[in-house]
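Visitor: Residues 24 to 383 in our numbering are what the sequence shown spells out, letter by letter.
No lab work stands behind these hints, which were simulated from the structure alone.
Fair warning: this is a prediction, and the values are worked out from it, not measured in the lab.
Be aware that a few hints might be false.
[Stated by the list, open to error] Between beta-carbon pairs, the in silico distance windows are:
#1 308 to 94: 26 to 36 Å
#2 260 to 122: 49 to 59 Å
#3 290 to 255: 32 to 42 Å
[As the list claims (entries may be wrong)] Calculated pairs, DSSO-like style, for lysine-lysine (alpha carbon to alpha carbon, straight line, at most 30 Å):
#4 310 to 287
#5 273 to 260
#6 249 to 179
#7 133 to 287
#8 249 to 260
#9 273 to 249
We put the CB at the ideal spot given by N, CA and C, even for glycine.
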Amino acid sequence: MYPLLGNVRCSQADMEARRMLPGPKNSMGTNEPPRCSETSWHGAWAAGGQSCIQSRWLRDRAEQLVQETLEITGARRAESEHRLQERECSLYYWRQEFISRGSSLEEEAKQLLNSQLRVQHAQRTCTHPLDVVQQCIEHRCNRAMSRSLDRDLSGKMAALELETQAYNMVLQDSELGQMKQLRENGGRAEGPVNVAEKGGPSLEQWISLCRMHLTGADKELHSSAKLLSMVDQQLMKISADLAKQWLTVKEAFNWRIDEIRHAKGMLEDRVAQVVEEQEACERTITKLIQAKETLQAPLCLVEVRNICISDDARIALHREQQQLMHNKERSNSLKAQTRERRVKGNRQRVEPKNAVPKNW
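Go ahead and model the full structure; you've got the sequences and the hints to work with.
Guide: Below, the structure is given as structure tokens:
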């Protein structure tokens with residue numbers, strides 16, 4: 024079914040769409056102005072007046088839509104400017120962060136370069152610390168040897184004191200024996216008794232004393248040879264440890280140099296990425312500033328952020344604009360039809376007066 028609205032047939036979908044549009048409703052449930060039925064030429068005259076009313080209503084509605092459109096665009100522009108300001112603030116903040124991070128990375132790179140130079144210098148002059156360590160070890164060995172010799176000398180002095188005490192005791196025993204013999208023979212002593220003249224230690228005593236000294240000298244020689252072998256073993260062990268330490272330190276230096284080179288390459292790549300991001304941010308800031316200056320912020324925001332905006336209000340406004348254009352075309356067609364009907368009615372009223380009678 025196609026209900027009549029004036030002289031225009033409308034589908035049921037068009038009727039439902041007109042009922043959904045905002046604005047005052049007429050008796051048929053649409054927001055179109057009421058129209059009279061075209062049953063007579065009086066209806067034609069009324070349709071002409073109705074078309075004038077409809078055109079006036081369309082003009083008012085168009086002005087209202089223009090005002091609403093201006094309000095919507097103003098609100099959208101204010102919102103876009105606010106978003107632009109927020110975006111500029113965030114970009115400025117991240118730019119400062121990138122700058123600070125770049126400065127910190129530069130400082131770290133300088134520190135790594137300084138450490139690399141120190142490592143290279145230590146690698147070139149690595150024999151000097153080893154010589155110092157060897158000298159320290161030699162001084163320590165000399166101190167240990169001097170302490171051991173002091174202990175040996177103190178032991179030798181104690182042994183000599185014991186030997187002298189034993190020799191004195193032997194001499195005293197021999198003197199006491201001689202004095203007893205003199206008392207038994209004469210009963211008195213003829214002058215002072217000279218032990219050396221009367222008789223000293225016997226040959227066996229001297230042989231035993233010499234043997235005792237020889238065994239002590241052999242012990243001292245054995246202990247000195249043992250100490251020398253121990254010192255040689257310690258020196259060999261220390262030299263082997265130093266060689267292992269040198270190889271380990273050299274390998275560690277090489278590994279550290281490789282790590283520093285790798286870290287330097289990573290830092291250079293990171294600095295390049297930060298510079299690229301900073302340039303991209305600067306380009307984005309310039310685009311946003313240009314968009315703000317040219318009052319095309321929403322389009323530029325869409326272009327920059329790569330976002331497809333689908334605004335329901337804009338779509339509804341576009342549909343309402345299409346409906347207004349359709350209504351305008353219909354009003355023009357109605358005006359043309361009423362004009363044609365008016366001319367036809369005038370002709371029908373004029374023709375009977377000028378008509379020739381049939382029986383003339």
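Visitor: What's the verdict on residue 249 and residue 179, does the C-alpha distance respect the 30 Å limit or exceed it?
Guide: holds, 17 Å
Visitor: Mind checking the alpha carbons of residue 133 and residue 287 for me, to see if they're no more than 30 Å apart?
Guide: holds, 10 Å
Visitor: For the pair supplied as a hint, residue 273 and residue 260, confirm whether the alpha-carbon distance does not exceed 30 Å.
Guide: holds, 20 Å
Visitor: Taking 30 Å as the top limit, are the C-alpha atoms of residue 249 and residue 260 close enough?
Guide: Holds, because 16 Å separates the two Cα atoms, which is no more than 30 Å.
Visitor: Measuring from beta carbon to beta carbon, are residue 308 and residue 94 in 26 to 36 Å?
Guide: Holds, at about 30 Å.
Visitor: Falls inside 49 to 59 Å, the C-beta gap from residue 260 to residue 122?
Guide: holds, 57 Å
Visitor: Holds or violated: residue 310 with residue 287, Cα cutoff 30 Å?
Guide: violated, 34 Å
Visitor: Measuring from beta carbon to beta carbon, are residue 290 and residue 255 in 32 to 42 Å?
Guide: At 51 Å between Cβs, range violated.
Visitor: For the pair supplied as a hint, residue 273 and residue 249, confirm whether the alpha-carbon distance does not exceed 30 Å.
Guide: This hinted pair is violated, its Cα atoms lying about 36 Å apart.
The structure fails hints 3, 4, 9 (numbered hints given earlier, in ascending order).
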